[in-house]
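Novice: Chain residues, written in single-letter form:
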Amino acid sequence: MPGGSGPVADSHSRDVILARIRGALGDRPAPRPVPRSYERSRDFPSVLDLFAERVADYRAIVHRVTDPVEMIRSTLAGKRVAVASDAPPDWLVPDVTWLREPLTNADLDTCDGVLTGCAVGIAETGTIILDGGVAQGRRALTLLPDYHLCVVRADQVEGTVPEALARLEPTRPLTFISGPSATSDIEMDRVEGVHGPRTLEVLIVDGGTA
Amino acid sequence: MGDTTRNPVTWLGSPAFPTAAKTALADDQLRRNLKHATGLIRTKRAGAVAELADWEQLRLSGEAIKDDVLANLDTYLLRFEESVTARGGTVHWAKDAAEANEIVLRLAREAGADEVVKIKSMATMEIGLNDALQAGGVTPIETDLAELIVQLGNDRPSHILVPAIHRNRTEIRDIFKATMPGTEDLTNEPVELAAAARAFLRRKFLSAKVAVSGANFGVAETGSVVVVESEGNGRMCLTLPETLITVMGIEKLVPTWQDLEVFLQLLPRSSTAERMNPYTSVWTGVTPGDGPRNFHLVLLDNGRTDTLASTVGRQALRCIRCSACLNVCPVYERTGGQAYGSVYPGPIGAILAPQLGGDMHDKHAASLPFASSLCGACFEVCPVRIDIPSVLVHLRAKAVEAKPRYSPEAIGMAAMSWVMAGPRRFHVAQRLAVAGRLLSRGGKIRKLPFPGSKWTNSRDLPAPAKESFSAWWKRTRG
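So the sequence lines, in the order shown, correspond to chains A and B.
Heads up, the first sequence is in the numbering used here, so the first residue is 216 and it goes up one at a time.
Heads up, the second sequence is in the numbering used here, so the first residue is 1141 and it goes up one at a time.
Keep in mind that the hints were calculated from the coordinates and are not lab data.
Hints are supplied without guarantee of correctness; some may be wrong.
[Claimed, not checked] Under the rule of at most 16 Å between Cα atoms (straight-line distance), these lysine to aspartate or glutamate pairs were calculated in the EDC-like manner:
1. LYS1175/B / GLU402/A
2. LYS1543/B / ASP1499/B
3. LYS1175/B / ASP404/A
4. LYS294/A / ASP272/A
5. LYS1538/B / ASP1502/B
6. LYS1184/B / ASP272/A
7. LYS1184/B / GLU402/A
8. LYS1349/B / ASP1499/B
9. LYS1184/B / ASP322/A
10. LYS1344/B / GLU1255/B
11. LYS1349/B / GLU1382/B
12. LYS1162/B / ASP1600/B
13. LYS1344/B / ASP404/A
14. LYS1503/B / GLU1549/B
Construct the complete structure from the given sequences, taking the supplied hints into account.
Specialist: Encoded structure:
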C-alpha cells in the first residue's frame, strides 16, 4: 500500500487539477449569457387545490382543515408520537403519548410516528420542504419513524419550484419530501415504502390559525 | 504513480461492443426485461415533460449554466472549496481513481469503521471504490435497492438510474432468498421485496459510523451539496453516521443556489418521470446537532480535465446522470447496459467512458462510439442538450486515427481513394462490384471474404445493383 495521501498529497493534487483545468481551457471558451426565459411563476387557478391534488397523487393522505388540532387528536389518539422540542403547545393534545426531543435513534425507530410542521410547500410538484426550523426538528426525526404527519399552513405553499427555492435559506439542512418513501428499482414501476416513512399524511391548514 | 494506472471507468477484460452485443442479443429474458422497463419509462417521461410548457426554455438554461461552469471551472471549484471549508467541511482533491480510493479508505479507517454504508453514486462506481475498500479491510454496503440487488447477486450494473433494470421481480426474489436470512417465504411482489430490503438494512443504518455518498449538485456560492433520491436510504446515510464522505466529480457544480431551480425541474422528470423525486437532501458543511459531525468532500478529476480539453467532447461533462438517453436508445434497449462494459452505458456512456478512459488504443473503449445508429433520440431527450450524435462522430474519427496505419480499414480506404482518383479505374471497379451480386442472397450480402468480413461481421451489406447508374445512363440516353 502507498503511504497514504495526507493533506500534503491532497494539496499537490489540487494544484495539478487546477493546472490541468487551465490548460484544458486554453481556447478560452466564452459561454453565452444564461437565458432565463422559463416561467418563474405560473397562473394556477388555485395553488392550494393544486398542492392538495399533487401531494395526493403520490399516494399520501391529504386533509384540508381550518384548525389542525382536532385532526391531530383523531389521527394520533392512543399512539406514541415524536415531536420537535418547539412544537406548538396546542398540537400536544392529551390523548397522545408525546415523545419530545432529545430522543435516541432507538426511540425514533420504535415510536408509532412523528408530527411536524414544514418550511415551504410546492404546489406544482406536491413537495413539502423541511429546513429544521420551528416544529420540524433535526432530520432524523422525520426519517426513522414509519409514519409522518405534517402540518402545512396555506401561507407556506408556493406555486412553482423557483418560487419555493427563493424562500429557502440554502445553508440550513434541507429535506424535500414528495410523497412517502418509494422506489422504481423493480421493473421501473413506483412502489411506495422503502426506508423512510411508509405513510405520509398531510394536514393543509387554510383559514384563521396562521 | 496514479497517472500510469488504468482508469477503471471501463471494466478490465471487457470484449469490444459488437462481441458483447451478440451475446446480449441472444438472451431472450434480458431483452424482454429491458423492453418492458424502457417502454414503461419512455411513456411516463413523455407525460412528465409534456406537463411543463417551458421545458425547452429550461433545457436551454440548463445547457448554458453547465457551459458557464465548465468555462470557469477553476474559479467555481475554488469558490466551492472556500464555502464548504467555511461551514466546517474538509475538501480533498483526487487526480484519479487510485488517489480518490486511497483518501476514502484512509478517512474510513481514521473514523474506526470496518463497514461503511453507501448511497448509490456513479462517481464511486466509476473509481471502483467498493473493491478498493474491500481490499483495505472495510466492507462497503450498498443501500440503494437496485445496487443491493447487484451487490447481493454478485452482478454488474446495467443502467445509470436502475442498475438492476436487467432483472425482473422473480429474479430479484431469488437473489434475496439466496442471500438474506429469513426470506424463505418471500413472494415476487415488489412491495414485499422492498420491505425485505428495509428490514435487512435498518440495522446497518443504525450502527454505521461512516457513510459514503456521491453528489448530484454542488453549489459553488454556498458550499451546499445536493443528493436526489427515492427510497430514503440516502437520507439515512446522510443523517445517521458520525462521518460522511462525499465523492463528487469536479463538473457537478452549479454557480448559485438559484440555478438549482432549473435542475430540480429537469432532473426528476427526465430521470424517473416524476414531478419530483420522493426525497432531495441539501446540506452545507456541518450543522451542529443535526447529522454528521465530520464532513469530507473528495473532488474527483479521473479523466474529466482531459475531457474538458476537447472542444467537441467537453459537452459530455454537462451530463446530470438522468439516464433518459438510455431509455430511448434503440441500441441500449436491445443489448442492455452490460454490453457496454462500463459503469456508464448507453449513448452517454458511449461518449463519456472513452473520454474519461482517455485511451483510444484500447479496443474496447474505441468500439463504444460505434454502438449507435446516430438516430438522434438521445439528443432530443437530453435535459442539458448534449449533442451526443456529434460527439459520437467526433470520437469515431479519433478511434480511426488511433488505429494502426495498415489496418484493413486504412488499406481499404487507401485503395478506394486510388480507385476513385481516375475515371477508368472507377468504371472497372463498378463492373467488378456488380459481379459481387454472386455473393448475395435475397438482395443482401451477409458474409464477405476477408478483409470485407470486418465489415459484414456486424452488419449485412445490400447487394450491388445489377447495373451501375453510369452504365444505365449510357444504355438509355447515351
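Novice: Next, verify each hint and record whether it holds.
Specialist: Right, here's what the structure says about each hint:
1. As the CA atoms of LYS1175/B and GLU402/A are separated by approximately 10 Å, the hinted pair is consistent with the 16 Å bound.
2. Our distance criterion of 16 Å between C-alpha atoms is met by LYS1543/B and ASP1499/B, whose separation comes to about 12 Å.
3. For a cut-off of 16 Å, the pair hint linking LYS1175/B to ASP404/A stands: about 14 Å separates their Cα positions.
4. Distance check on the hinted pair: LYS294/A and ASP272/A sit about 27 Å apart at the alpha-carbon level, beyond 16 Å; violated.
5. Distance restraint check for LYS1538/B and ASP1502/B: the Cα-Cα separation of roughly 12 Å lies within the 16 Å cut-off, and the hinted pair is therefore satisfied.
6. As the CA atoms of LYS1184/B and ASP272/A are separated by approximately 14 Å, the hinted pair is consistent with the 16 Å bound.
7. Among the hinted pairs, LYS1184/B with GLU402/A is consistent with the structure: their alpha-carbon atoms are about 13 Å apart, no more than 16 Å.
8. As the CA atoms of LYS1349/B and ASP1499/B are separated by approximately 38 Å, the hinted pair breaks the 16 Å bound.
9. Straight-line distance between C-alpha atoms of LYS1184/B and ASP322/A comes to about 40 Å, which puts the hinted pair past the 16 Å bound.
10. For the given pair, LYS1344/B sits about 9 Å from GLU1255/B by alpha-carbon distance, which is consistent with the 16 Å threshold.
11. Straight-line distance between C-alpha atoms of LYS1349/B and GLU1382/B comes to about 6 Å, which keeps the hinted pair within the 16 Å bound.
12. The hinted pair formed by LYS1162/B and ASP1600/B meets the criterion: a straight-line CA distance of about 14 Å does not exceed 16 Å.
13. Restraint check: the Cα-Cα separation between LYS1344/B and ASP404/A comes to about 26 Å, which exceeds 16 Å; the hinted pair is violated.
14. As the CA atoms of LYS1503/B and GLU1549/B are separated by approximately 15 Å, the hinted pair is consistent with the 16 Å bound.
Comparing the model with each numbered hint stated earlier shows that hints 4, 8, 9, 13 do not hold.
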